[in-house]
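*Asks:* Sequence:
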Amino acid sequence: MATDPQEKIALVQAIAIPAVPPMAEALPIQTVNPPGRPARPELVLPAKVPKRSNLRLTENRAAMLHAFAHIEFNAINLALDAIYRFREMPLQYYHDWLQVAREEGYHFNLLCAHLADLGYQYGDFAAHNSLWEMAVKTDADVMARMALVPRILEARGLDAVPPLQAKLGAVGDQRACEILDIILRDEIGHVRIGNRWFHWCCDQRGLEPIATFVRLVREYDAPQFRGAMNHLARVEAGFSQEEIELIETLRT
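With my numbering as the guide, the letters of the sequence shown map in order to residues 59 to 310.
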């Protein structure tokens, strides 16, 4: 619930996972509330976020990097909620999501530092809240959360980064390309964590993963897949070839 991004990141660094997983009776689980965030950026519907294609313009480049920073900020909250909300998971689950929260904070700071070099700061552009909206939808079931947040919404970043790096390289923003290299490397690991725990949940419940994934996509009205996929990154993140072929059939 911390509203200041730097306070939130510092608090994440201070978290220590206990030697045993948290139990459901230790602290009543509250309904998903909007997480703490600063007064800016203004949150708008995704369609209301301006499209900025000409990255030769500094303002457009800053707006694109700001969108990534907002995703990373939301991802800190998502990882923390995955720790808080879903009790009685194996101990490694909590270590995994704490690692994710820390790395998302690191990405956020890298992007904010480059935004400052361009003359902007976090909050200068409008943003949308789609990532958190899916967290609200999946607040009752860890399997649904693992299936739909890391495997759909966060995995989109694996697909989006390489073409974006090509555009940034073409306009000479090598620092942005370097930052996106770091983010892509770490996000492959984050999606792999989501894959690992989705398949663990399926094993525990005796469910076939692919059929279960398709059912959850439809049941929760998950966003459609778009554009070209980064097959190599998705394989590295733990998707099977069969899953990738399925996703290809679902994309728009």
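Among these hints, one or two may not hold up.
Unchecked claim - Derived pair list, reagent style SDA-like, types lysine to any residue, alpha-carbon separation capped at 20 angstroms: (1) Lys225 - Leu176; (2) Lys195 - Lys109; (3) Lys225 - Gly247; (4) Lys109 - Asp182; (5) Lys106 - Pro281; (6) Lys109 - Pro221; (7) Lys195 - Met122; (8) Lys109 - Met122; (9) Lys195 - Thr116; (10) Lys195 - Lys225; (11) Lys109 - Gln223; (12) Lys109 - Arg273.
FYI, nobody ran anything at the bench for these hints, they're computed from the structure.
Since we're looking at a predicted model, the values are computed, not measured.
*Asks:* Would you mind marking each hint as holding or not holding in the structure?
*Replies:* Hint by hint, here is what the structure shows:
1. At roughly 17 angstroms between alpha-carbon atoms, Lys225 and Leu176 fall within 20 angstroms of each other, so this suggested pair holds.
2. Under the criterion of a C-alpha separation no larger than 20 angstroms, the hint pairing Lys195 with Lys109 is inconsistent with the structure, at around 27 angstroms.
3. For the hint linking Lys225 to Gly247, the alpha-carbon distance of about 24 angstroms lies beyond 20 angstroms, and the restraint is violated.
4. For the hint pairing Lys109 with Asp182, the CA-to-CA distance comes to about 15 angstroms; that is within 20 angstroms, so the pair holds.
5. Between Lys106 and Pro281 the CA atoms are separated by roughly 17 angstroms; this keeps the pair inside 20 angstroms, and the hint holds.
6. Taken as a hint, the Lys109 and Pro221 pair is honoured in the structure, with Cα atoms around 16 angstroms apart against an allowance of 20 angstroms.
7. Proximity of Lys195 to Met122 is assessed by CA-CA distance (about 27 angstroms); at most 20 angstroms being required, the pair is judged violated.
8. With a C-alpha separation of about 9 angstroms, the suggested pair Lys109 and Met122 falls inside the 20 angstroms cut-off, and the hint holds.
9. The straight-line distance between the Cα atoms of Lys195 and Thr116 is roughly 36 angstroms, outside the 20 angstroms bound, and the hint therefore fails.
10. With a C-alpha separation of about 34 angstroms, the suggested pair Lys195 and Lys225 falls outside the 20 angstroms cut-off, and the hint is violated.
11. Taking the CA atoms of Lys109 and Gln223, the gap is about 17 angstroms. The hint holds against a cut of 20 angstroms.
12. Restraint check for Lys109 and Arg273: the C-alpha separation of about 32 angstroms exceeds 20 angstroms, so the hint is violated.
Violated hints for the displayed structure, listed by number in ascending order: 2, 3, 7, 9, 10, 12.
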